[in-house]
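Chains as they are written, first to last, in full-length UniProt numbering: chain A, 1 to 160; chain B, 1 to 1011.
Since the hints were derived computationally from the structure, they do not count as laboratory data.
Remember, predicted model here, so these are calculated numbers, not experimental data.
C-beta: ideal position from N, C-alpha, C; glycine also.
Any given hint might turn out to be false.
[Unchecked claim] Which residues of chain B face chain A? A partial, calculated answer using Cβ under 8 Å: (1) L28; (2) G306; (3) L361; (4) I402; (5) K982.
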Amino acid sequence: MSGKERLENVNPHIFAKAGQRMETPTDWDDDVYDPFDAREIFDLVRNIRDPEHPLSLEELNVVEVGQCDVSDEENYVMVHFTPTIPHCSMASLIGLSIRLKLLQALPARFKVDVRITPGTHASEHAINKQLADKERVAAALENPHLLEVINKCLHPQNAA
Amino acid sequence: MDSSKIDLIEKIKALPNSSEDGSTLLPLVIPGIKTNQMTLLEVVEALGSSLTHTNPAHRVVGTQFLADALHALPRSKLNTDEVTFLSTFFVDRFKDHHSVTPIVIYAMLGLIEQENITKDNVVDLLRGLFKEVHCQSQLMNHRRNIYSFFKYCLLNKMEGVKELGMDFVVGFIAAMDGEKDPRNLVLLFAIIPIITSCLPLGPFTEELFEVIAAYFPIDFVPPADDPFGISAEDLVLGLRQALSSTPAFAPYCIPLLQEKLDSDLSSAKLDALHTLVSCCEKYSAEDICPHVSPLWVSIRREVVEGSSAEAESAALTALTAMIMALERGAVSQSARDAITSLTNSALMECLGHLTAPEQRLMFPSAHLLIAITIAAPGPAQHITEKVLPLLARQFTTKTEEIARKNTIIILAKFMEQAAKYPGMKEADGILTKYEHLYWGAFSQGLSSSSLAVQEATVGSVTTAMGALTPEHLSQAADTMTNLLITVNNNSLRDSIIASFVMLSKIQPEAVSNHILPQLLSDMERDTSANSGVSSSQILETLAILTCGKLLLRKVLPIIWKRAEETLKVSVRFSCQHLFCIQKVLKNNMQDNECQQYVLEEWNCIHKIISFSINSMNSQDITDPIPVLTSLSGISRTVIVYLKDSTPFIESLVHLTVIDENIDLPDQCKELVAAHPGLLPLTSRFAEADNCMVFIYEGFLIGLHPNLEVLGLEQMLSKLRSLSVIGAYPEQREISAILHASLLNKILKGPYFSSILASCLEDVDAKLSTSSTVETRQAALLLLTWICKALLMRGTPEETMWMDKMLKLLSDPSIGLNVAQCFDIILKDHQYALKAETFATVRILYKQRYFQYVIGPLVDAFNTTTGSAKQNALLALSSLLPHLPHTVLNTHINRLFPVLLQGVTCEEVAVKESILSTLSALLSHSVVHATSHTSALVPDLLKLTVNQSLSTRIKALECLGVLASLPTTALLPYKQDVTRGLKCVLNDKKRVVRQTAVNTRCKWMLVGAPGS
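Okay, chain A solo, but in the shape it has when bound (with noise of 0.2 Å):
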């Protein structure tokens, strides 16, 4: 991308990382459960990268771990995103992005739902509505192209 082609939000606020997550004496106790939750999934999306910008999705506050909801007992997860102004073009190659990684990173068991947070997009119903449906997901993710663009936001090490 030469970036001659105008960027649709060249100055985002950027936002704190957060830190590691803390350590408790149980990690490495093998008898203990560790139950999922909502930083476990937080720390799957966090370090996506925005497809316009060097920065992760936490940086731009796209996700955040309030925004993060799971129930182990119920195999349910669900993520909510914002995008980083009501008329963003990447919005839905950002949900699809964090639908994909989950869908590698998560057991089978659950029931993944990613949705953009309420009131924060302009076509927020129709992108709602194409993450949500699992046959164009599925399509999406047989595209080549999109495919490229989307590991590229995934892993931001491998590109060069």
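Since chain A is already given, all that's left is putting chain B on it; use the hints.
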């Protein structure tokens, strides 16, 4: 002699037809010419027939012979006439058949090196070459000869080249145009700066530039098996040097760079920026002026976009270099205008972003302004004047944590750069003008309620230290010391300490007057209410800050006293103090004044002895070993600096071996008189519950090699027995270590052999199967350390000892311990048997050892079964982590099959050890695993479930490393792995899940688009 000469000449005459080879004839002819028995002229005449033969193949032979002869002659051999004759001849030969020309070029390369060659000869040769030879039709190595010829002329025959002047430039351009070989290009790029600096380029400037610029940017990937070792880096640097060699290139070069800066290729961009930097160093302000504004736009875009950190920093350097170049030419109005307008537009575009510190563009904008500030005082003045008050006020008005944090960080960076201009710190300088404003911001930041802001401010104080006044620094020191004592946060503490270290360089008084007294008083106050945490932090800070005799005098006695006082309260607490003392001494003992103070004035050694006697005799202390270990550490640190320590050491050794009835020698008497408790302890040295050995270890381990100390033999024997019968494990280990360290240093000879013989006797007796398992284990440790000591110094007996260990591997009761002991042999001990304690260490001892044992171990693994097999495996895997990877790579094919079998081993300890070795091995040289993937992947997958926590993690890590193999090798397994890891994602432990996610994502990427 004459007959032989005639014979030779005949042979030369018959050269093309005879079976005789030119290269065998040459060594016979050269000595003749060297000793003047034959002249070169005669040789040429004799060659006549072949040089003028109608068959070009014969002419080739003749010319080759002449050329080789020229290269073999001494440089002063030919006189002017001969040289003129030959050069005329060669110029004529340029016209010859195409198969002869390359040899003429080669001959000419020999001729030019003759000392008596005249300017005219050089001119003729060059003219002839330019006129008759079309360089690019020659082969690569012949072109290289031509370029080498140019280079030689430019370096040594400049007069001739100068006479040709522009003709040379034209000829050079023609010769270089179209060159493709990287080796030749490196040579050519090196020549160009000489040409541009010494010759008039005239109307050919642009042409020469075009020929060079055709290569920009370099896009060269060396072939995998490149024997010439030309790297892309060589070419890039050469080309950069050529492009920036003369200001005359500026009108063509800068637009070219500009064009590349706007390109899509990030490597071209980066190269263009780097080249711009080196061009700016050479080009004048007038050259750059017209291009300033487009360059600024490109540079700004690069920084603002921030697509890569490397490009950003290159762009900033280029900006600085550009303004520096303009500043050099600031006498002219246009350069001044250019600087002013650039500064103004930068301020206009960037200042707005500085006022929005929570947004992304704050940092790039600030970096641009800082790059300009660095470059020249004029713009620096202008920018600082605007930015400093703005940021300082902004810090006090903003409330958001991140905004304040960013503001103070950037403010400090501006101050740091401004402080580098002395004018700004003077009474009427800008820094002085806003002194109170920015100090207000800093002091507010330090007392902020937000930890993040506090930490950022501490870091900023460190950055801006050069700009702060001494009074403010002292205030900052006070506040930060307070923070250090009261706030319990690791990263804040680290940054405060870093700041203190910096402060001690800039203003040492602030440390001694403001920081140390507070810390010391806090340390003393905090007696019984020891939370432990804060006191150890304070001690750590003290250890880092205490530097130089003045501070040492202040701090050392106080901490020592505290260590003695706290001994009765808490051993751990006392140890913390002693550990701090060891650190302080380590940092300071190199200094002569400090040495003198510690050893003489403060009398460190006696203090150590009496402290240890107290701790051993005291009734209140149940376990004095930690204290003794700490004291031993201190002894190790100081004893090295004691001048002539032998009498002291001897009396120490003496005290352990004497009979109480015998009179003591004088030096011992002094020692005993000073410490009445000493003798009762030392005389019972070898008793099971006597801990004197710790103190002895401290003093004796640093002895110099080839020592001769009276009573050493008895001492060693006592250590041996102590290492087996000792009541505490630490005591047994220390005895074995000290024993080994001493053994390592005894002069080889009958004395040494007799000691070794008694070692063998003792060890064998203790190891015999009739002893208890505990005794055998202790004796094994002793044996291991003896092996290590011998192996490191290298003795004929070492193999016998090593075999002894190998044999014990199959022992049913202690075999597993033996395998674990292999780790001790190769692992570097913290201090024992190392160069710092003056051990005799021969080079490559690890390699030798590995070479010796790998055969027997692999054999043992292959031939035995059951526990012996496992022990061999464990021994191998304990060795591997300590070997250099180059050694491992040579044995890897032998090791891999063994390790692969080890992965499936039942014994948990063995399996885990193998897995960690395997993951280390793989991460260094994953390629070797290619042929074993088919076995390795399923085995590792199995280990990711139903195993112990660390096994699961290790197996996942190994799988993760494997994912970096070439895609083709991995694709067959991708499905298996991603499916197999799916259930690990649901592991009950979070740490395992995290590793599984990383590994699985890596495998998902295999062969996927965008990887």
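In ascending order, which of the hints set out earlier in this document are inconsistent with the structure? Failing hint: just 1.
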